[in-house]
Amino acid sequence: MPNAPMLIRTESVSREYRLGETVIRAVDAVSLTIEQGEFLALLGSSGSGKSTLLSMMAGLDRPTSGAIRVRERNLAELEADELARYRRETVGMVFQSFNLLPRMTLEENVELPLRLAEVDRSDRQSRVGEALERVGLAARRQHRPSELSGGEQQRGALARALVNRPAILFADEPTGNLDSVNGEQILLLLREIQDSLGMTIIMVTHERPLAERFANRIAQLSDGRLVSDGAQR
Amino acid sequence: MKTRDLSELAVRNLREAVLRNSLTTLGVAVGVASLVAMLSLGVGLQTLASQRLTRSGLFNAVFVTSQRNFRGPRQPPPPESAAKRESRALDDDARQQLSKLSNVTEVYPQIRFITDVRFADKSESTSVLGLPDSSRSSGAFEGMTGAYFSSPTAEEAILQIEFAKLLTDQQPSLIGKDLTLRYAERAALSKYTDDEALLDAMMGSGKPGGISPGGISIVPREKTLRIVGITESDPSAGIGGFGGARVYLPLKTAEQLHVAQPDDLQAFLSGNPAKPSYMAMTVRVRSPKDVPQVEAAIKQLGFATFSLLDATKSLRLVFTVFDLFLGLFGSLALTVASLGIINTLVMAILERRREIGILKALGATDRDVRSLFFAEAGAMGLFGGVFGVALGWLIGSALTWGTTIYLHRQNLPGVKISYVPWWLALSAIGFAIVVSLVAGLYPASRAARLNPVEALRYE
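Protein sequence lines, in the order shown, are assigned to chains D and Y. This note's numbering numbers the first residue of the first sequence as 1 and each following residue consecutively. This note's numbering numbers the first residue of the second sequence as 1001 and each following residue consecutively.
Next comes chain D alone, as it looks inside the complex:
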């Protein structure tokens, strides 16, 4: 994507965990630049550090060393409340296990980020409707997650991630719990969202064929290190 402004830059980011006396380096000095509107796939096998890197870029975790700059703000230096605000206003997240709250209807799940962002009640219904419309679940708004199929749940989670109109969408193994048909549907949706809204999408996956088919760029991690980073198309 030529001439697109830089959105995220990780500067020698590392994340270590301590297990007793042992120090495990989950992410090891990863430096990466992501431009606005990109669809980046973070590829790697289990334990390669791709989800840890995604969590840090999404503001859920902090690096042990290095900096993660989003629009030139270093996430590592933000206070807890500022980081929460970043997650609320700049970021949308989709997880492998959907993570819809089972006690709420689909509509209430999608409305949750709007409640946290203190959006006026009068605006909420239209925004929830818009998000559900985009993922094709407008007719299922009163259903609980247990009444939806896996694919529908993930589409619901996608609607929840989009409802706050974030600049960046993080997807952690979004097709991991889905069959190939539903998985493909989700990725088509992500691609459509990227194209129509110009949203930056960062997706963690271990399925190279899907990454190659839908992402603009693939960055591969192995043992916490960035081993390759190249544009697809």
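The set of hints was computed from the structure by calculation and includes no laboratory data. All values derive from a computational prediction rather than experimental measurement. It cannot be assumed that every hint is accurate.
[As the list claims (entries may be wrong)] Listed next, the stretches of chain Y that the computed footprint assigns to chain D, with coverage defined by at least 3 CB atoms under 8 Å from CB atoms of chain D:
| hint | segment |
| --- | --- |
| 1 | 1011-1018 |
| 2 | 1294-1308 |
| 3 | 1364-1376 |
[What the hints assert, rightly or not] A few chain D residues that face chain Y, going by a derived Cβ cut-off under 8 Å, partial list only:
| hint | residue |
| --- | --- |
| 4 | Ser55 |
| 5 | Asp61 |
| 6 | Asp81 |
| 7 | Arg85 |
| 8 | Asn99 |
| 9 | Arg103 |
| 10 | Arg115 |
Note that the Cβ used here is the ideal one computed from N, Cα and C, for glycine as well.
Since the structure of chain D is provided, determine the placement of chain Y on it from the hints.
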């Protein structure tokens, strides 16, 4: 997050684990109920005692005596400083003066005398007391046989049951019948010339040697009164009464009899016999709290006073300590209930770990998560408090009901021993909320501190 959204989420969360949260809320309710029942019993008994004592007139009255009543006529004169105060007599002028003091509602003299009472062919010597019209509402005549005096000047009498037994075995049959009092009337001799004539008539000799100008005569009289009631209690007991009177008549009727009082002899010897004075007066004040001020004002006028103010203070102290103990016992149950809240919320954190992670991933701050758990604890406190107050009121009502049945079986009137005033209800609900919030402090801060990545990993 806005308060309304927070409340909605909290109520929704409570509804989801309805059985466990209901049981926890019930625990709070039982704790509040025990607190309310205990305190309502304390308040009820205190109210009952206060009402009875206030109605008895013991605590809103000042008993006034003339200071000279307690000195014999032949005793040496008092010191110079006390001489002025000694000079005050408890007469009608003093009565007028006392009734003009602020917060005084009623002033009446104590008219009590020993007399012969004749009924049919029986004659008994007993003590007679004049009762002010305000005695009607003192509670002393509750459950009496017959009725209270028909008017403040009625020529009627009420008998104490023990005296009625002396007159007949069938006491109720006395109602409507007449009895006769034989008493000594005090008559003033206004002019010396009249005195002379009277003394001539009485003594049959010349001028009365040593009798000062003016004086009194004691004339035997009889008065017939209709018996209208028989009472088991002794309305003359307590302040200003000293107890022991067996026949009661309206105070105004008693005053019109001009019965010779023990003070008359002293008045005669002191050279001022024309104006009748009284042994004692009772000054009623608006409320017990006015007693100290009125008592001080009366002392300023040169009279001796006595009141049961100190007794009321002691009574209040006793009830305060009583309430404190009842409250402590009631609070124990609430303390146990608060442990239930802590347990429920800590369990909820374990169960909702993933949910907390999701909320944080969606942008909830630590404060949002803490507030949510706080709101849930507060809601359990609110619901438990409201339900507990209702339950406590029911327990109190059951106690009153049971007590009333027992008292009726003992032929006694029922009493309300439990009372839940609005301040107790509101305080109990507030206390339940505060206790619940304190109980929610630890779970809420623990939930807020959860790392979102770890929480999301939790299965």
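Unsatisfied constraints (hint numbers, rising): 2
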